[in-house]
Structure formats: structure tokens, C-alpha cells
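Undergrad: Listed below, chain by chain, are the residues.
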Amino acid sequence: MTAVAEARRDTAPPPPTKQNKLSAKARWVRRAPLLPALIFTVVVTQVPFLVTLVISSLQWNVLTPGDKNFLGLGNYESFIGLQNYATVFTDARLRNAVLNTIVMTASVVLISLALGLLLAVLLDRKFPGRGLARTLLIAPFLVMPVAAALVWKHVLYNPTYGLFDGVLNWIWQLFGADQGPVVDWVSAMPMPAIVAALVWQWTPFMMLILLAGLQAQPTDILEAAKVDGADGFKTFRWITMPHMRQYLELSGLLGSIYILQTFDAVFSITQGGPGTATTNLPYEIYLTMFRKYEYGEAAAAGVVTVIGTIIVATFALRVFSSLFREEHKR
Amino acid sequence: MTATTPATSTAVPGPRPTPARIGWRQRRRNKAAEDMSQRGGPLWTTIAWFLTLLFFAPVFWMVLTSFHSEADAATNPPTPFAPITFSNYGDLFDRNVTPFLINSATASIVSTLLVLALAIPAAYALSIKPVEKWTDVMFFFLSTKFLPAIGALLPIYLIVKRVGMLDNIYTLVILYTAMNLPIAIWMMQSFLAEVPREILEAAEVDGASLPRVLRSIVIPMTSPGIAATSLICFIFSWNEFMFAVNLTATVSSTAPVFLVGFITSEGLFLAKLCAAATLVSLPVLIAGFAAQDKLVRGLSLGAVK
Chain S
6 MTAVAEARRD TAPPPPTKQN KLSAKARWVR RAPLLPALIF TVVVTQVPFL
56 VTLVISSLQW NVLTPGDKNF LGLGNYESFI GLQNYATVFT DARLRNAVLN
106 TIVMTASVVL ISLALGLLLA VLLDRKFPGR GLARTLLIAP FLVMPVAAAL
156 VWKHVLYNPT YGLFDGVLNW IWQLFGADQG PVVDWVSAMP MPAIVAALVW
206 QWTPFMMLIL LAGLQAQPTD ILEAAKVDGA DGFKTFRWIT MPHMRQYLEL
256 SGLLGSIYIL QTFDAVFSIT QGGPGTATTN LPYEIYLTMF RKYEYGEAAA
306 AGVVTVIGTI IVATFALRVF SSLFREEHKR
Chain D
24 MTATTPATST AVPGPRPTPA RIGWRQRRRN KAAEDMSQRG GPLWTTIAWF
74 LTLLFFAPVF WMVLTSFHSE ADAATNPPTP FAPITFSNYG DLFDRNVTPF
124 LINSATASIV STLLVLALAI PAAYALSIKP VEKWTDVMFF FLSTKFLPAI
174 GALLPIYLIV KRVGMLDNIY TLVILYTAMN LPIAIWMMQS FLAEVPREIL
224 EAAEVDGASL PRVLRSIVIP MTSPGIAATS LICFIFSWNE FMFAVNLTAT
274 VSSTAPVFLV GFITSEGLFL AKLCAAATLV SLPVLIAGFA AQDKLVRGLS
324 LGAVK
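Residue numbers (our numbering), protein chains in the order written: chain S, 6 to 335; chain D, 24 to 328.
Isolated chain S, as found in the complex:
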């Protein structure tokens, strides 16, 4: 879509800066089309977080309701300040969930970034059937996440009739053995099992963004490098990689924000188990909310998740605004 970006340079106006000249009425006329979307977003996305923040300071378990009413939403016992947060950080289950979230997110992001970059570099070349290959590669990202998780669990990982053990068995029998090894993937290695399924799903996402980055490389610089006698590797290391930095950051950070919130895969593949081996924060919050009915604790864990995400998001926003500014400078 470089064509569009170039066209845009010709047609887009200079960024509007002098608006203070407008009268108050004119300003409201300008704002009017924006307001419905803005109000809707504030009401539906910001208000609930404020409520979560308030609930996180309450001792509120549905099984032992108190006599104080919270905005007509239910009865809680008492105001306990930051005590729920103390529980979140000292309770072994919740601490474990924080740790699992970090391990899960970091491994999925790093592995799928590496694979995505490899695939993007491979697909940036011309080869027979490249269009088809790209289409096929997008498919894992488009399969419904719950469907993908269930297919991985039952159709691929199952120890008796799953595809993975089936293929191992087939190879072993090819070499004359009676029976291949039987691996119960989900029980034997629950975290890698979830990570593998998520990597499979997220690699296309990384690949698409990185491929767009590779294709946005200015051709004249690549040409100049070639004229100067740089070989493929040198060009990649010294020209492509620096150019790709912001695309790697963008895909890594966006991926982190989404993968941090993984719920479908944990819910469908392991239910957080065995024990709490794969319980991440979203799943733990879900359990605290709908199995233990500890609303206060769940809200506090929710706030912790939000803060964790905000830390990642701050970096993400920085990349966004640098890409955004670059574009509007042109």
C-alpha cells in the first residue's frame, strides 16, 4: 500500500495547527460528529474500570454477603483499603498466576516474532506460488481461537488418537518398531503445549506486520547497497534490520498486549492445570470471580493486570506515535 501512502503525501493537507482562530460555536460544530463515539467509549470502557478500582477495596464475597449495598449491584461486607492487593501479591495462587502470565506471554511473543520474521523474509522474495503461500499462512490466525485450542487439544495432542503421536507411531512403524512412543503432551508439558498452540496462532500476525515492514523499505537504499557491493547478509544486517526495528517493536508490543489477555486457550486446553501449572492472570481472575466468588480479590487482580498491561502499552504507544508522526510529517 505504498502507492496509497505516496498518493497521500500529495493530497493530504498539512497537519492543522492553527485552530484557535475558530469561534466557540465552530469548535462545537467540529466536535459534534466525534461526540457519540467518544461518549460511548468512555461509558462502556472507562466506567467499568473505575468500578473495578472501587470494588478492589472492598471485602466482598458473594457466599458471605454483608449488609452494605454497592450501587444496587450487590451487598459487600466492609471497606478494607489495599488489603486485597496484599492478598494478590502474597497468595501463592495469584503470585503463581502472575508468573505464568509472564512466562506464557514472553515465550509466545519471542518465538512467534522469530518465526514471523523468518517467514516474512522468506515471503519477501519472489517464488512460485508466493501469493498462495501467504494466504495459507494467514489461516492459523483466522481459525476461531476456541476452535483452534480444542483442535490442538483433542485432534493433535491426544495421546491415543492425536495426530502428533499418530505420526510418531507411523514413523516408528516405518522403521519396523511395533509401536511409537506415546507422549501425553498436555499432561507431560502443559505450558509448552499451550505456548506451541499460541505460537502457531500468533506467528501469522507477526509475519504480516513484519512483511509489510520489509516491503516498505525504500528500494533506492537497497539498490545503493547493492551497487556498493554489499552482500545479502550485510544488507540485511545493516540496512534491513535497523529499518525493521520499529516494526519488530510494534508487532512484539501489540502481540504482548493481546497474548497477556489469553483466556480461550487456557480455558479450552488445560483449564489452568494440571494443578495451577498454566493458570494465567485472566483465567485466575475468572476462577476467583465465578468459582470462589471473591469479588474484591478478583477486582484487585484485575487492577494488577491492567497496570501490567499499561506498562507494556506505554512502550507500545510510543512506537505508535513515532509511526504516526512520521506519516504526518510527510
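Honestly, the hints are just simulated from the structure, not real lab data.
Computed from a prediction, not measured in an experiment: that's the story for all the values here.
Wrong hints could be hidden among the right ones.
Stated by the list, open to error - Capping the alpha-carbon separation at 25 angstroms, the derived lysine to aspartate or glutamate pairs in DMTMM-like fashion look like this: (1) K152(D) x D229(D); (2) K30(S) x D229(D); (3) K73(S) x E299(S); (4) K328(D) x E228(S); (5) K30(S) x E227(D); (6) K328(D) x D225(S); (7) K152(D) x E331(S); (8) K184(D) x D225(S); (9) K184(D) x E299(S); (10) K156(D) x E299(S); (11) K328(D) x D233(S); (12) K131(S) x D159(D); (13) K156(D) x E332(S); (14) K184(D) x E82(S); (15) K328(D) x E332(S); (16) K328(D) x E254(S); (17) K30(S) x E224(D); (18) K30(S) x D159(D); (19) K239(S) x D225(S); (20) K152(D) x E332(S); (21) K152(D) x E224(D); (22) K328(D) x E331(S); (23) K297(S) x D190(D).
Chain S is already provided as a structure; the job is to place chain D on it using the hints.
TA: Just chain D now, kept in the frame of chain S:
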């Protein structure tokens, strides 16, 4: 699908190495760059295809198994060449998958329309006639997309329960609208910025009102962009699971909830599971392949074109 609006292809003056209407394949390729991209040859082609097929294999296996009988699906070693049957899909409809699909379609389509109705005017006020501090507003919308939904689940659940809207499809419609609105605003903002100024100014001189400008200029000129935005909103709504499983029970459950309930109630179920997974993924696979060229723009929330 070529990636330009009619506006951009006519508005570009002067010499260009390639016409504006080109697919991603030909983009940016002049002769020298082509030479560079040819490096490696058959070995790299083989590796590229090997990895592609490896990634596609689970999807292929899922679709293939959905056409096998349960007995053939559960053999070890696997039997890919077992006879084909359509009975699994028949069974799915016997088990009443239809209402779930209708719920998913309602939630996805109605929320997408609502998103467009809110996002197009908003994008207009963020690009064509921008409000003051419009970049801050853009980043506010983006930041709402970064907040994890799980953090809002409890109050949403309590409020929805209080107003008696649990197990109501319009609860999901509202939530999906909020979930997709930032994506749509970022995408539409970038598409609207591509509408040539002169045409809008001409309309203004003629005294056209905002709804009329939107209806007769902006919407027709950005229709490929609107189509891409809709497809991406549709994809995210159709696949959403967390709100659907926690806020619906029986009447308004969507396709992913059907899938989860379906496997717990089945005995020998590999082939049926694959049929169900294929069926519920099909609309998004079609939408995604149709929106291929704009997928990057949607997934990166408009940051990458």
C-alpha cells in the same frame, strides 16, 4: 483486491514507475529490487514452502478429519486417505448449531454496523475537519484498546445482571461495538485522510450538510476502506469468547460457546469436533482472505499500511 481508493488513483499526478492500482505482489518492485529478491533460489523456495505447509497442516488436518467417519478419524497411525463423508456436518445441524450461528451473526453484524455508524463521523472529525488536539483523541481511543477486557468483566457482569440483560444478544452487541470502535476509528481516519481535499471543498462551497457530505462523497469514496474495516470488526466479534461465555447462558450463546459445550457432551467426537471447528471458523476464514490486503492495517490498528 487492489488496495487503492478510486480517489487516490486519479489524484496522483506526474510520472510514476508503476500504476497506482497494483497488488501487494508487484508493489515497490523495480528491476534492481527484483534482482535482490531473487537471491537464494530453489533452496529458499523449498524452505518457504516447507514452513508454510507445516503451519497450514493443522488447518488442513482439521478440515480433512471433518470429512472422515469417527472410526477413521481415531485411527493410529492416522489414515488420511479414508473415505469421505458429509455426515458430520449433517449431525451438527441435527444438534441445533443454527441458533448459535444466528446469534454470532447477529452480534457480529449489528455491532459492526454500529461501529461504522459511530466511527465514520468520528473519523471525519479527526481527519477532514479535525477538532483541536485530534491526535490526543486518537491516542485516547487507542489506549482503550490496550486495557485488558478481563479487568472490566466483573463490573460489566454485575451491571448487566442488575439491568436484567444477562443472556441477551444486545449485551454482546454493545461490548463488541466498544471493543472494535478504536480499531475502526484508526482505520477510517487513515482512509478518510486520503479523500482529496478539493472535492470536499467544492461540496462545502455548494453548501452541503455534514450527513450529505458523508453520504454522497466520503462514504462512496472510501468504500473499499469501509469494507476492510467492516471485515476486521466482523472477525474480532465473531471470534470473541470471554464475554460470550461469561455473559450468556442458553438463549443468546454464540458459536464459540456452542463449541465448548459441544465437546463436553460427546463421546467419540474427533470428526464431529473438526466439523464444528471448521464450520464456525469458515465465515472468518472467508472474511480474512477477502480482506487480505487490508488485514495488516486492521491488525496493527492502522499503524502499518
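Undergrad: Give a verdict on every hint.
TA: Cross-check of the supplied hints:
1. K152(D) x D229(D): Holds - the C-alpha atoms of D229(D) and K152(D) are around 17 angstroms apart, at most 25 angstroms.
2. K30(S) x D229(D): 21 angstroms, holds
3. K73(S) x E299(S): Distance ~16 angstroms between K73(S) and E299(S) Cα, so the pair holds.
4. K328(D) x E228(S): Distance of about 23 angstroms is within 25 angstroms: holds.
5. K30(S) x E227(D): Given pair K30(S), E227(D) holds - Cα atoms ~18 angstroms apart, limit 25 angstroms.
6. K328(D) x D225(S): 20 angstroms, holds
7. K152(D) x E331(S): Within the cut-off at roughly 21 angstroms; holds.
8. K184(D) x D225(S): Violated - the C-alpha atoms of D225(S) and K184(D) are around 60 angstroms apart, more than 25 angstroms.
9. K184(D) x E299(S): The hint holds at about 17 angstroms.
10. K156(D) x E299(S): Violated. K156(D) to E299(S) sits at ~42 angstroms, over the 25 angstroms cutoff.
11. K328(D) x D233(S): At roughly 30 angstroms apart (the allowed maximum being 25 angstroms), D233(S) and K328(D) break the hint.
12. K131(S) x D159(D): Judged against 25 angstroms, a Cα distance of about 41 angstroms means the pair is violated.
13. K156(D) x E332(S): 17 angstroms, holds
14. K184(D) x E82(S): Holds: K184(D) and E82(S) sit about 20 angstroms apart, inside 25 angstroms.
15. K328(D) x E332(S): Between K328(D) and E332(S) the Cα gap is close to 10 angstroms, so the pair holds against 25 angstroms.
16. K328(D) x E254(S): 16 angstroms, holds
17. K30(S) x E224(D): 20 angstroms, holds
18. K30(S) x D159(D): 21 angstroms, holds
19. K239(S) x D225(S): Since the Cα atoms of K239(S) and D225(S) sit roughly 16 angstroms apart, the hinted pair holds (cutoff 25 angstroms).
20. K152(D) x E332(S): 18 angstroms, holds
21. K152(D) x E224(D): Measuring from Cα to Cα gives roughly 11 angstroms; hence the hint holds.
22. K328(D) x E331(S): Given pair K328(D), E331(S) holds - Cα atoms ~13 angstroms apart, limit 25 angstroms.
23. K297(S) x D190(D): 22 angstroms, holds
Violated hints, in rising order: 8, 10, 11, 12; the structure is consistent with all others.
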